[in-house]
Amino acid sequence: MAAPFGRGKRERERARAEKQKQKAERREEAKQRRSQHAPGDPGIDPDIAGIVPGPQPNPWLDDLEDEPAEDKEEK
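For the numbering used here, add 76 to where a residue sits in the sequence shown, where the first one is 1.
Since the hints were derived computationally from the structure, they do not count as laboratory data. Only a predicted model underlies this, so the values are computations on that prediction, with no experimental measurement involved. We put the beta carbon where it would ideally sit given N, CA and C, even for glycine. Misleading hints may appear alongside valid ones.
[Claimed, not checked] Using 30 Å as the maximum straight-line C-alpha spacing, the simulated DSSO-like pairs for lysine-lysine come out as follows:
{"no.": "1", "residue 1": "K97", "residue 2": "K107"}
{"no.": "2", "residue 1": "K85", "residue 2": "K95"}
{"no.": "3", "residue 1": "K95", "residue 2": "K107"}
{"no.": "4", "residue 1": "K99", "residue 2": "K85"}
{"no.": "5", "residue 1": "K85", "residue 2": "K97"}
[As the list claims (entries may be wrong)] Ranges of calculated distance between the beta carbons of each label pair, as one might list FRET restraints:
{"no.": "6", "residue 1": "G84", "residue 2": "I124", "range": "30 to 40 Å"}
{"no.": "7", "residue 1": "R92", "residue 2": "P129", "range": "45 to 55 Å"}
{"no.": "8", "residue 1": "A106", "residue 2": "Q132", "range": "33 to 43 Å"}
{"no.": "9", "residue 1": "Q96", "residue 2": "P122", "range": "25 to 35 Å"}
{"no.": "10", "residue 1": "L137", "residue 2": "A106", "range": "36 to 46 Å"}
{"no.": "11", "residue 1": "Q132", "residue 2": "R88", "range": "54 to 64 Å"}
Whole structure, please, built from the sequences with the hints as guidance.
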């Protein structure tokens, strides 16, 4: 009768165990990084911090203002 665990299965199990070990190490490193990171102000979403509500300035406004001003002076 054949052995219950073949060589291939043993190798797969070892690879799986090694991968689980690496994942656990990565999780521990991430946990340490998060604990070292200074937390922001509570209640403020860091993605929208500093954004002013209401109409925003046109980012291309400077380019548009330069061209008409030159045209008006020439006429």
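Hint by hint, which ones does this structure get wrong, listed from lowest number up? Result: hint 6 breaks, nothing else.
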